[in-house]
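Student: As given, the protein sequences belong to chains A and B, one line each in that order. Residue numbers for the first sequence follow the working numbering, beginning at 1 and rising by one. Residue numbers for the second sequence follow the working numbering, beginning at 162 and rising by one.
Calculated directly from the structure, the hints in this document are not laboratory data. Predicted, not measured: the structure shown is a model, and the values here were computed from it. Here a beta-carbon is modelled for each residue, glycine too, at the ideal position from N, C-alpha and C. Do not take every clue at face value.
Stated by the list, open to error - Calculated cross-link-like contacts (lysine to aspartate or glutamate; reagent style DMTMM-like; alpha-carbon spacing at most 20 angstroms):
id: 1; chain 1: A; residue 1: Lys-153; chain 2: A; residue 2: Glu-112
id: 2; chain 1: B; residue 1: Lys-324; chain 2: B; residue 2: Glu-343
id: 3; chain 1: B; residue 1: Lys-265; chain 2: A; residue 2: Glu-40
id: 4; chain 1: A; residue 1: Lys-148; chain 2: A; residue 2: Asp-132
id: 5; chain 1: A; residue 1: Lys-102; chain 2: A; residue 2: Glu-92
id: 6; chain 1: A; residue 1: Lys-107; chain 2: A; residue 2: Glu-96
id: 7; chain 1: A; residue 1: Lys-41; chain 2: B; residue 2: Glu-192
id: 8; chain 1: A; residue 1: Lys-99; chain 2: A; residue 2: Glu-116
id: 9; chain 1: B; residue 1: Lys-232; chain 2: B; residue 2: Glu-249
id: 10; chain 1: A; residue 1: Lys-41; chain 2: B; residue 2: Glu-249
id: 11; chain 1: B; residue 1: Lys-232; chain 2: A; residue 2: Asp-132
id: 12; chain 1: B; residue 1: Lys-265; chain 2: B; residue 2: Asp-419
Said to hold, decoys possible - To be clear about the criterion: a stretch of chain B counts as covered by chain A if any three or more of its residues have a C-beta under 8 angstroms from a C-beta of chain A, and this derived list gives those stretches:
id: 13; region: 199 to 206
id: 14; region: 210 to 219
id: 15; region: 242 to 252
id: 16; region: 261 to 272
id: 17; region: 295 to 309
id: 18; region: 324 to 335
Claimed, not checked - Just a sample of chain B residues kept apart from chain A, beta carbon distances all over 10 angstroms, derived:
id: 19; residue: Gly-233
id: 20; residue: Met-275
id: 21; residue: Phe-276
id: 22; residue: Val-292
id: 23; residue: Ser-353
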Amino acid sequence: MPQLNPLDWGPQLVWLVLTFGILYLLMLWVALPRIGSVIEKRAAHISGDLATAEKFRRETEEAIAAYEQALAEAKQRAHTIVEEGRARLKAESDAERAKLEKELAVKSAEAEARIEKAKAAAMTEVNAVAMDVAADIVKQLIGTAPPKSDLEKAVIAARKA
Amino acid sequence: MIGVAYAAEDAGHGDGHGGGTGLPDPMHQFEIKRLINLDVFGFDASFTNSGLFMVIAAALITLFTLFAMRKGALVPGRLQSVAEISYEFVANMVRDNVGTAGMKYFPFIFTLFMFVLALNMLGMVPYSFTVTSHIIVTFALAAFIFIGVTIIGFWKHGIGFLKFFVPSGVPFVMLPLLVVIEVISYLTRPVSLSVRLFANMMAGHTMLKVFGSFVVALGLLGGWAALAFMVAFTGLELLVAFLQAYVFAILTCIYLNDALHMH
Numbered sequence: 001m002p003q004l005n006p007l008d009w010g011p012q013l014v015w016l017v018l019t020f021g022i023l024y025l026l027m028l029w030v031a032l033p034r035i036g037s038v039i040e041k042r043a044a045h046i047s048g049d050l051a052t053a054e055k056f057r058r059e060t061e062e063a064i065a066a067y068e069q070a071l072a073e074a075k076q077r078a079h080t081i082v083e084e085g086r087a088r089l090k091a092e093s094d095a096e097r098a099k100l101e102k103e104l105a106v107k108s109a110e111a112e113a114r115i116e117k118a119k120a121a122a123m124t125e126v127n128a129v130a131m132d133v134a135a136d137i138v139k140q141l142i143g144t145a146p147p148k149s150d151l152e153k154a155v156i157a158a159r160k161a
Numbered sequence: 162m163i164g165v166a167y168a169a170e171d172a173g174h175g176d177g178h179g180g181g182t183g184l185p186d187p188m189h190q191f192e193i194k195r196l197i198n199l200d201v202f203g204f205d206a207s208f209t210n211s212g213l214f215m216v217i218a219a220a221l222i223t224l225f226t227l228f229a230m231r232k233g234a235l236v237p238g239r240l241q242s243v244a245e246i247s248y249e250f251v252a253n254m255v256r257d258n259v260g261t262a263g264m265k266y267f268p269f270i271f272t273l274f275m276f277v278l279a280l281n282m283l284g285m286v287p288y289s290f291t292v293t294s295h296i297i298v299t300f301a302l303a304a305f306i307f308i309g310v311t312i313i314g315f316w317k318h319g320i321g322f323l324k325f326f327v328p329s330g331v332p333f334v335m336l337p338l339l340v341v342i343e344v345i346s347y348l349t350r351p352v353s354l355s356v357r358l359f360a361n362m363m364a365g366h367t368m369l370k371v372f373g374s375f376v377v378a379l380g381l382l383g384g385w386a387a388l389a390f391m392v393a394f395t396g397l398e399l400l401v402a403f404l405q406a407y408v409f410a411i412l413t414c415i416y417l418n419d420a421l422h423m424h
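Working from the sequences, and respecting the hints, build out all of it.
Tutor: What follows is the structure, encoded as C-alpha cells:
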C-alpha cells in the first residue's frame, strides 16, 4: 500500500498545510464575504420591496375605506334630501288641499244658504198664489171673496194635509 | 474509465504489474511521484502529484467562487447560483448542527467541505490522482479538527469541559466504566473520521481499477460486462465522492457543536 510509506508523508503534509491554509484565507477574506454580501444585499432588497408593497397595500386599503365612507355619506345625504323633499311636498299638498276644502266648504255653505232662501221664497210665493187661486175660485162659486185670514188658514191646512 | 486509463499506462510501464497474474497492480494509482524535489532545511517538501492536485483543487475553488461572483448580480446567473447554493448549503449545515454560535467557524467548514469535495471529484477524472485516498492527508485534517475542537471545548468551558465525558443520569458505580468508554470514543473520533474518507476513496478507486483491468483482460468477448459494471460504479463513485465530503463536513459540525454546547 503506497499510503503507508512514511517517506511520502512529509511532502503531502507540507502541501496540504500550504494549499489548505491559503485556500482558507482566500475564502475567509475574499470569496465568502463577496458571496455573503450579495446574498445579504438580495435579502435586504427583497425585504425592502416587500415593505414598499405592504405600504402601497395599506394606502390602497385606506383609499378604499375613504371612498366607501364618502359613498356611504353621499347615500345618507341623498336619502335625507329625498326624505326632506317628500315631506315638504306632502306638507305643501296637504296645505293646498286643506285650503281648497275650506273654500269648497264655504262655497257649498253659501250655496246651501242661497238654496234655502230661494226655497223659503218659493214657498211663500206658493202660498200667495194658492190664496189668490182659492179666493178667485170662491168668488166664482159664491160671489164674494172670503176674508184673507180664512184663506190663509185654509191654504196652510191644505198644504199640511 | 480511470481503470482503463491506468491499465493502458501500466502496460507501458511494466513495473506496476502484480505478482505474476498479468493484471496491473490496482494500488499503483496511489503511488506518490515526486515532480519537483524540494528540500527545506533537511525536510522533504517535494512537490508531488498529490501536491499538484491539492494546488489544482485550491485554485479551482478560488477561481470558481471568484468567477461565479464577478458580477454579484441581484438575479444570479447559473454559475453564481451554484456558488450561492454551496454557500447556503454549508451555512445551513453549520446553523442546523452548531447554531449561530458556530457561524464563526463557517469559513473553515466551507473551506473543508469544498476542498474535500474538489479533491474527491478531481479523483474521478481519468489520469488524475485522488489526494483523499491517502490516510496521511485525511488523518492530518481529522487530527487538526480533533485538536482544534478540543481546544475550543476547553477554551469555552474551562476545566468544566471534562464533564463532557461524564454521562448524566447513570448510577455512581457505573461512572468509572462509562467515563473510560466516553474518553475512548472521543479519542477514536479522528481515526474514524479520517479512515472513513480514506477507505471509501481508496476502495472505490481500487474497484474501478480492478474492473478496468478486467475489461482489458476479458477482451472483446467478455469485457462488456465489466465495462457496464464500471459505468454504473463510476456513477456510484461520484455519489460517494460528494457524500464523503458531506459526511466529513457534517461530522466536523457535530464535533464542533459538542465542544461549544456540550451535548
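Student: Run every hint past the structure and note whether it holds.
Tutor: Hint check:
1. Pair hint A:Lys-153 plus A:Glu-112 does not hold up; C-alpha atoms about 30 angstroms apart against a cutoff of 20 angstroms.
2. Our distance criterion of 20 angstroms between C-alpha atoms is met by B:Lys-324 and B:Glu-343, whose separation comes to about 11 angstroms.
3. Straight-line distance between C-alpha atoms of B:Lys-265 and A:Glu-40 comes to about 17 angstroms, which keeps the hinted pair within the 20 angstroms bound.
4. Between the alpha carbons of A:Lys-148 and A:Asp-132 the distance comes to roughly 9 angstroms, so the proposed pair stays at or under 20 angstroms and holds.
5. Simply put, A:Lys-102 and A:Glu-92 have alpha-carbon atoms about 15 angstroms apart, close enough for the 20 angstroms limit, and the pair holds.
6. Between the alpha carbons of A:Lys-107 and A:Glu-96 the distance comes to roughly 16 angstroms, so the proposed pair stays at or under 20 angstroms and holds.
7. Our distance criterion of 20 angstroms between C-alpha atoms is broken by A:Lys-41 and B:Glu-192, whose separation comes to about 48 angstroms.
8. Restraint check for A:Lys-99 and A:Glu-116: not satisfied, since their Cα atoms lie roughly 26 angstroms apart, outside the 20 angstroms limit.
9. For the hint pairing B:Lys-232 with B:Glu-249, the CA-to-CA distance comes to about 18 angstroms; that is within 20 angstroms, so the pair holds.
10. Annotation: proposed proximity of A:Lys-41 to B:Glu-249 holds, straight-line Cα distance about 15 angstroms (limit 20 angstroms).
11. For the hint pairing B:Lys-232 with A:Asp-132, the CA-to-CA distance comes to about 141 angstroms; that exceeds 20 angstroms, so the pair is violated.
12. Note on B:Lys-265 and B:Asp-419: the hinted pairing holds, with a Cα-Cα distance of about 15 angstroms set against a maximum of 20 angstroms.
13. Residues of the region 199 to 206 of chain B lying with their CB closer than 8 angstroms to a CB of chain A number 5, which satisfies the three-residue condition for coverage.
14. Counting residues of the region 210 to 219 of chain B whose C-beta lies closer than 8 angstroms to any C-beta of chain A gives 6; at least three are required, and the coverage claim holds.
15. For the region 242 to 252 of chain B, the stated coverage by chain A holds: 4 residues have a C-beta nearer than 8 angstroms to a C-beta of that chain, and at least 3 were required.
16. As drawn, the region 261 to 272 of chain B meets chain A at 5 residues by the rule of a beta-carbon pair under 8 angstroms; at three or more, the given contact holds.
17. Counting residues of the region 295 to 309 of chain B whose CB falls under 8 angstroms from any CB of chain A gives 6; the rule of at least 3 is met.
18. Counting residues of the region 324 to 335 of chain B whose CB lies closer than 8 angstroms to any CB of chain A gives 0, which falls below the minimum of 3, so the coverage claim is violated.
19. Some Cβ of chain A comes within 10 angstroms of the Cβ of B:Gly-233; the nearest lies about 5 angstroms off, and the non-interface call is violated.
20. With a minimum CB-CB distance of about 8 angstroms to chain A, B:Met-275 fails to clear the 10 angstroms threshold, and the non-interface call is violated.
21. A cut-off of 10 angstroms between C-beta atoms contradicts the statement that B:Phe-276 is not in contact with chain A; the least separation is 6 angstroms.
22. A Cβ of chain A approaches the Cβ of B:Val-292 within 10 angstroms, the least distance being about 8 angstroms, so the stated non-interface status is violated.
23. The non-interface label for B:Ser-353 is consistent with chain A: the shortest C-beta to C-beta separation is roughly 17 angstroms, beyond 10 angstroms.
Taken one by one, the earlier hints fail for this structure at numbers 1, 7, 8, 11, 18, 19, 20, 21, 22, listed in ascending order.
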